[in-house]
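*Asks:* Here the protein sequences come in this chain order: A and B.
Quick note on numbering that gives the first Met the number 0: the first sequence kicks off at 0 and runs consecutively.
Quick note on numbering that gives the first Met the number 0: the second sequence kicks off at 0 and runs consecutively.
Please note that the accuracy of each hint is not assured.
[Claimed, not checked] Derived coverage of chain A by chain B (criterion: at least 3 residues anywhere in the stretch with Cβ under 8 Å from a Cβ of chain B; other residues may be distant):
(1) 120-132
(2) 261-272
[What the hints assert, rightly or not] In silico DMTMM-like pairs for lysine to aspartate or glutamate, Cα to Cα no more than 20 Å straight-line:
(3) A:K42 - B:D92
(4) A:K42 - A:D4
(5) A:K42 - B:D175
FYI, nobody ran anything at the bench for these hints, they're computed from the structure.
Cβ atoms here follow ideal geometry from the backbone N, Cα and C, with glycine treated the same way.
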Amino acid sequence: MTALDASLAVRLDGFDLDVALRREHGVTAVLGPNGSGKTTALKALAGLHTLESGHVRVAGTTWADARTHLPPEARSVGMVLADPLLFPHLTLLDNVAFGPRSRGMPRAAARSRAAEELGRVGLAELTGRRPSQVSQGQAQRAALARALATDPALLLLDEPLSALDPQTRSVTRADLSHRLRDYAGVTVLVTHDPLDALTLADHLLFLEGGRVVQSGTPAEIVARPRSPYVAGVVGLNLVHGRLAGGGPPRLALAGGAELVVAEVPADARPGDELLATVNPAAVTLFTERPEASARNLWHLEVAAVTVTGQRARVRLHGVPGVELVAEVTLPAVAQLGVTVGTRLWAGVKATEVEVYPA
Amino acid sequence: MTTTGRGARRRPRTPGAVRTRLPLVAPAAVGVAFIVLPLVALLLRADWADLATHLSAPVVGQSLRLSAVTTAVTMVVVWTLGTPLAWLLARSDHPLTAWGRALVTVPLVLPPVVGGVALLMTWGRRGVLGGWLEEAFGVTLPFTTAAVVMAEIFVAMPFYVISVEGSMRSLDRRFDEVAATLGAGPVRTFRTVVVPMVLPGIAAGSALAWARALGEFGATITFAGSFPGRTQTAPLGVYAALERDPDAAVALSLVMLAVSVLVLGLLRSRWLR
Numbered sequence: 000m001t002a003l004d005a006s007l008a009v010r011l012d013g014f015d016l017d018v019a020l021r022r023e024h025g026v027t028a029v030l031g032p033n034g035s036g037k038t039t040a041l042k043a044l045a046g047l048h049t050l051e052s053g054h055v056r057v058a059g060t061t062w063a064d065a066r067t068h069l070p071p072e073a074r075s076v077g078m079v080l081a082d083p084l085l086f087p088h089l090t091l092l093d094n095v096a097f098g099p100r101s102r103g104m105p106r107a108a109a110r111s112r113a114a115e116e117l118g119r120v121g122l123a124e125l126t127g128r129r130p131s132q133v134s135q136g137q138a139q140r141a142a143l144a145r146a147l148a149t150d151p152a153l154l155l156l157d158e159p160l161s162a163l164d165p166q167t168r169s170v171t172r173a174d175l176s177h178r179l180r181d182y183a184g185v186t187v188l189v190t191h192d193p194l195d196a197l198t199l200a201d202h203l204l205f206l207e208g209g210r211v212v213q214s215g216t217p218a219e220i221v222a223r224p225r226s227p228y229v230a231g232v233v234g235l236n237l238v239h240g241r242l243a244g245g246g247p248p249r250l251a252l253a254g255g256a257e258l259v260v261a262e263v264p265a266d267a268r269p270g271d272e273l274l275a276t277v278n279p280a281a282v283t284l285f286t287e288r289p290e291a292s293a294r295n296l297w298h299l300e301v302a303a304v305t306v307t308g309q310r311a312r313v314r315l316h317g318v319p320g321v322e323l324v325a326e327v328t329l330p331a332v333a334q335l336g337v338t339v340g341t342r343l344w345a346g347v348k349a350t351e352v353e354v355y356p357a
Numbered sequence: 000m001t002t003t004g005r006g007a008r009r010r011p012r013t014p015g016a017v018r019t020r021l022p023l024v025a026p027a028a029v030g031v032a033f034i035v036l037p038l039v040a041l042l043l044r045a046d047w048a049d050l051a052t053h054l055s056a057p058v059v060g061q062s063l064r065l066s067a068v069t070t071a072v073t074m075v076v077v078w079t080l081g082t083p084l085a086w087l088l089a090r091s092d093h094p095l096t097a098w099g100r101a102l103v104t105v106p107l108v109l110p111p112v113v114g115g116v117a118l119l120m121t122w123g124r125r126g127v128l129g130g131w132l133e134e135a136f137g138v139t140l141p142f143t144t145a146a147v148v149m150a151e152i153f154v155a156m157p158f159y160v161i162s163v164e165g166s167m168r169s170l171d172r173r174f175d176e177v178a179a180t181l182g183a184g185p186v187r188t189f190r191t192v193v194v195p196m197v198l199p200g201i202a203a204g205s206a207l208a209w210a211r212a213l214g215e216f217g218a219t220i221t222f223a224g225s226f227p228g229r230t231q232t233a234p235l236g237v238y239a240a241l242e243r244d245p246d247a248a249v250a251l252s253l254v255m256l257a258v259s260v261l262v263l264g265l266l267r268s269r270w271l272r
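Using the sequences and the accompanying hints, generate a full structural model.
*Replies:* Written out as structure tokens, the structure reads:
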């Protein structure tokens, strides 16, 4: 019996979602650009959107199909959004007891269950506080406790950490990870933060334009992204091309440029579509055309620069079909005189290119 | 030129500024005077020395008691019917909702006496429902205390519904959604989440509706008449007493003025900032 078996087709003024998801357990992260349908998918699972077609079956119970549409209150579901949305007129204890009470548990039992849940997220001392009297991170942990107090078969988290400040976010991420480890049901986590996806989830699902573009374990996705968005999330350069015939193994790119590689899949024939990734750290930048050069060398223009810690990511373009991100140290940025509009030579060794079938 | 700021505002005003504002200040001052003067006149003309005597005139106690009872019953009905109505209007996406909202608020703009006539045409002996009511149950509503309450509900409920609907509509929809995922059906969500969260709006709407019910005159005198002790509420009492016992009418008016100011004061201090 599959714990979560969903096929979601939802139509909302002009937007079309069509997503299938089957999971036995664990945390599935749903990623995608804004407007890709992540939240719509989550709401469809919760019963807040009606399915055009498809089905939702959880732990052997049909929540939705062609004939059925259980309202959210009849589904064994827990939901946490970016805002904690704790009921402001109730204490944390009564907020968490709200679910069990709504599902028919007597008051005393519901309260002791709530106290236990709050204890599990480290809020045992604050049960009597109002939501306005606790910090952002505490409120979000209370929201998690509230969602789990009904023992839902399906836990839905929609950007649960995105409204927190960076410091609170990393602490809360750790708490969330810790708490999810003891949770027996299936979790679906909507996020746009790769760190959330890679540290909390054991399965990733990428949506673009309402369709699944790639799914798999984090290891699979990190090694072989299949779309520019996915590659961006995992921080790799993705190149799409066809295997060229004759000469050294290389890919012919859309704009006429070529990418020389060390190895191609054994069964690839000339003309086959292939994908290639290049680690940004493996892109070398020069101000002058280098003598002993890498096999791939382009003269590119700096489009944008971003800085994280001691490293900078330099986005380059200017040759049709070639768009690269190079990751260099801050001293290198200063030495090369990198500013938007600067032209630089970018080199990539053939051995640094990873090739796989498209 | 100085921009707006504390320093700028504290600067002594130049005569020029006053002169340029005069076209605005003059009509505003006349407007304030027009409203305040009658209230002051009421205070000036009151027979303060014998106020206690005037307040003990039968018409005062009787009509105030009737107003207290009828407006209390009115408010219970308004809460019971108006709160769910406001919630449905606030959350419904149905195209007919806009029409429903417009219809419910007709009494806001309708001359009250027209409301009274309309009630008479509904519940009167020859009314749409009144005839049947009398035949089947032997109940006649017009010119009874029940009719007073009905007239008050008719004029007061729209104030309540409009005010409460406004605060309910501004309530984040995601609270309803979270409550639903926690297992709360629509009724439980309404009772345990929505109503507590819009309590300030409910209080403000109640005060408005109650004040409107307390002042109700036109619909009441048309539909319920002015029978002392039975349908003669405080406003009707004032009107009736004005010829026979003007001092009692002024005293009764003072009581109603005091109550109105009290209600406004409570509202301002708590919810209308």
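*Asks:* Mind listing which of the numbered hints don't hold for this structure, in increasing order?
*Replies:* 1, 2
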